[in-house]
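> Can you build the whole structure from these sequences, using the hints too?
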Amino acid sequence: MASPAKAKISTKILPMVDLKDIRKSFGDLEVVKGLDLEIGSGEFFSLLGPSGCGKTTLLRMIAGFETPNSGVVSIAGQEMTNFDANERPTNMVFQSYAIFPHLSVGDNVAYGLKKKGLSKNELKKRVDDMLKLVDLEGLYDRPSFALSGGQKQRVALARALIMQPKVLLLDEPLSALDKKLREQMQHELRRLQRTLGITFILVTHDQEEALIMSDRIAVMFDGNIAQVGQPQEIYERPVSKKVASFIGIMNFIDGEYLGKKGQKLHVRTNSLGEVLLEPHQMPSDLKLGKVTVGLRPEMMTVLYSAKEKSEHEFKAKIKNVSYYGDMTYYSVTISSLDGDISISMRNTAGRHVYRIGDEVRIGWGTESIVVLG
Amino acid sequence: MTRQPRALLIFVIAYLGFLYAPVILLPIFAFNDSAIIAFPLSGFTTDWFSWLMEDESLFRALKNSLIIAVTASIISTIFGVLTARAMARHQFLGKQSMFGLIMAPLFLPEIIVGVSILIVLMQLGLALSLWTVIAGHVLLATPFSVSILTTAFNNLDRSLEEASLDLGENRRGTFFRVILPLVTPGLISSLLIGFTISLDEFVIAFFLTGTDPTLPVYIWSLLRFPSKLPIVMALGFILLVTSLILLSIFEFYRRRSETLAGGGQISENK
Chain B
2 MASPAKAKIS TKILPMVDLK DIRKSFGDLE VVKGLDLEIG SGEFFSLLGP
52 SGCGKTTLLR MIAGFETPNS GVVSIAGQEM TNFDANERPT NMVFQSYAIF
102 PHLSVGDNVA YGLKKKGLSK NELKKRVDDM LKLVDLEGLY DRPSFALSGG
152 QKQRVALARA LIMQPKVLLL DEPLSALDKK LREQMQHELR RLQRTLGITF
202 ILVTHDQEEA LIMSDRIAVM FDGNIAQVGQ PQEIYERPVS KKVASFIGIM
252 NFIDGEYLGK KGQKLHVRTN SLGEVLLEPH QMPSDLKLGK VTVGLRPEMM
302 TVLYSAKEKS EHEFKAKIKN VSYYGDMTYY SVTISSLDGD ISISMRNTAG
352 RHVYRIGDEV RIGWGTESIV VLG
Chain H
10 MTRQPRALLI FVIAYLGFLY APVILLPIFA FNDSAIIAFP LSGFTTDWFS
60 WLMEDESLFR ALKNSLIIAV TASIISTIFG VLTARAMARH QFLGKQSMFG
110 LIMAPLFLPE IIVGVSILIV LMQLGLALSL WTVIAGHVLL ATPFSVSILT
160 TAFNNLDRSL EEASLDLGEN RRGTFFRVIL PLVTPGLISS LLIGFTISLD
210 EFVIAFFLTG TDPTLPVYIW SLLRFPSKLP IVMALGFILL VTSLILLSIF
260 EFYRRRSETL AGGGQISENK
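So the sequences go chain by chain: B and H. The first sequence begins at 2 in this note's numbering and counts up by one. The second sequence begins at 10 in this note's numbering and counts up by one.
Everything labelled a hint here was simulated from the structure, so no lab data went into it. Cβ coordinates follow ideal geometry from the N, Cα and C atoms, glycine included. Among these hints, one or two may not hold up.
Stretch-level coverage of chain B by chain H, calculated; a stretch enters the list once three of its residues show a Cβ under 8 Å from a Cβ in chain H [as the list claims (entries may be wrong)]:
hint : segment
1    : 82-89
2    : 108-121
Partner residues are not named here, just some residues of chain B that face chain H (Cβ under 8 Å, in silico) [as the list claims (entries may be wrong)]:
hint : residue
3    : F66
4    : G72
5    : N92
6    : M93
7    : F95
8    : S97
9    : A99
10   : P102
11   : H103
12   : M164
13   : K167
14   : Y236
In structure tokens:
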């Protein structure tokens, strides 16, 4: 039903992180169930999924804090499955930041370099440069219990990056921050990654975060990878209902795949009529019979004036209105469908916000439909 | 600060007064120029303290007490570290019951404990000595050590160790650079409280001491001689001041231990 979860970047370029058939169990509980993944050098890659899907365990196996029960972990072309964490060219930013409370900011950042035999001046210079990079200039002597959450996060980042790892691993680094700070840090992390060119692997349950920051995303459920791809690909062409509903909002409508009609594919929806779709709008291995059809809320539009036309149209009644300032989400009911349909509209000039009970016309285009198995 | 109700203030004053008024008598009569412990006061003198300095058996008793206190606090702290580490890092059957068992001496009447150990020792044919007292004091101090160090270890975020390893340090380096500095305030607290408990302890020492009395036992024996009472007062005063100093240091380190090993969120005004 779903397309293969494995996605090769290019057979010619060696992946920075290569995971083959990785399995991990804790006692009786199987947490990672035989997955393959390749992550390229210089990629900002996210592992996205709900709590308990195995993404953090996977990250820890790349870092070296857990050893897989079977499978091979290769980093920078070298097999490192059984290497200890301190032997790998990876560094991690922990969810709790793990800042050493008895050391100052500067000593925290310098921690990993202390054993490298640098001169005192050289060490201080490197730390100062790194502090500047993460916007903590001048805080060398600040004791770490006097830091805010956002500052601690940057110390953790600096401390890891100063080691010049080949791969930076981030375990839900932004989950403890408030919304505004989180958004700011998302952009900063992205900028940082682009400047440094290091491979970043981020674990998050926040799909918006993954979409904003990543070059590619792996969506995980229950120890398996459901889909790997670029953000746009995953959002617009989810392979399954589960992926579709995890990323953004999706309207699901029952339908039936009736077969080919020339180059196009004939699909009947149980409430919105029949359509002829392009091959890329559905999984390549789809069989005839029952399907689920998906339509994103922003792909439909409320037709404000009688003159506005659309390829397809239906009448609906407003059941609920959610006003977000820049957008309004409408929940509408239509006679031929049991459930509600969600539609989002940008609040541009001239568009008034409808009220509950209003009757409206909704328009949509054939190219907006995606068929899920 | 919000206004406390008047009644509460009066209660606190009365409570503290009741608790500490008898203790105030110590310095009063330690410096009083009279062999009789009674009002009115006769005048200031430090003679009793000089007598103290010349009493040989007193110094022997003090030496015994110090040896016992230092040894008992070290042993109980070691037990505390081992127990706390096991409790914080490992899961095993009977963990809760074992913890309860370790804490039990806190709740047992000391006389019962003292007599029981004495009987056991007699059955085993062991002679009473400093070591029997040490054993008894370790029994008393260990619950405190375990309690203090369990808190310290529990507060030690596991990811701190992982972070150290991730940054290239090995296990040994991690222990000396991360774990030890964070647990040290707890260690010091445990040593200090073990020492204080042992130094002041009378009941168990009384039962388990052989020919070498501890200081509290020696003081008790002095009570038979009323003329020596002011010397006892002087001694008591010194012990009081020493205990206060030690406990203040202990409290300082205990607070520091809480702040550090916790690695808490946004800084608070502690």
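> Under 8 Å, Cβ to Cβ, is where M164/B needs to be relative to chain H, so tell me if that hint holds or is violated.
6 Å, holds
> Are three or more residues of the segment 108-121 of chain B within 8 Å, CB to CB, of chain H?
holds (count 3)
> Are M93/B and chain H close enough, Cβ to Cβ, to be under 8 Å, as the hint says?
Result: holds, 5 Å to nearest chain H Cβ.
> So is the segment 82-89 of chain B in contact with chain H by the C-beta rule, three or more residues under 8 Å, or is the coverage claim wrong?
holds (count 3)
> Given a cut of 8 Å on the nearest C-beta pair, is the interface hint for N92/B held or broken against chain H?
6 Å, holds
> Can the hint on F66/B be confirmed by a CB-to-CB distance to chain H that is less than 8 Å?
6 Å, holds
> Does F95/B pass the interface hint, meaning its C-beta sits closer than 8 Å to a C-beta of chain H?
5 Å, holds
> Report holds or violated for the interface hint on G72/B, using the least CB-CB distance to chain H and a cut-off of 8 Å.
Violated, because the Cβ-Cβ distance from G72/B to chain H comes to roughly 21 Å (cut-off 8 Å).
> Under the criterion of a CB-CB separation shorter than 8 Å, is P102/B in contact with chain H as hinted?
Holds, because the Cβ-Cβ distance from P102/B to chain H comes to roughly 4 Å (cut-off 8 Å).
> Under 8 Å, Cβ to Cβ, is where K167/B needs to be relative to chain H, so tell me if that hint holds or is violated.
14 Å, violated
> Using the nearest Cβ pair, does S97/B come within less than 8 Å of chain H?
Result: holds, 5 Å to nearest chain H Cβ.
> Is the shortest C-beta separation between A99/B and chain H less than 8 Å?
4 Å, holds
The structure shown violates the earlier hints numbered 4, 13, 14.
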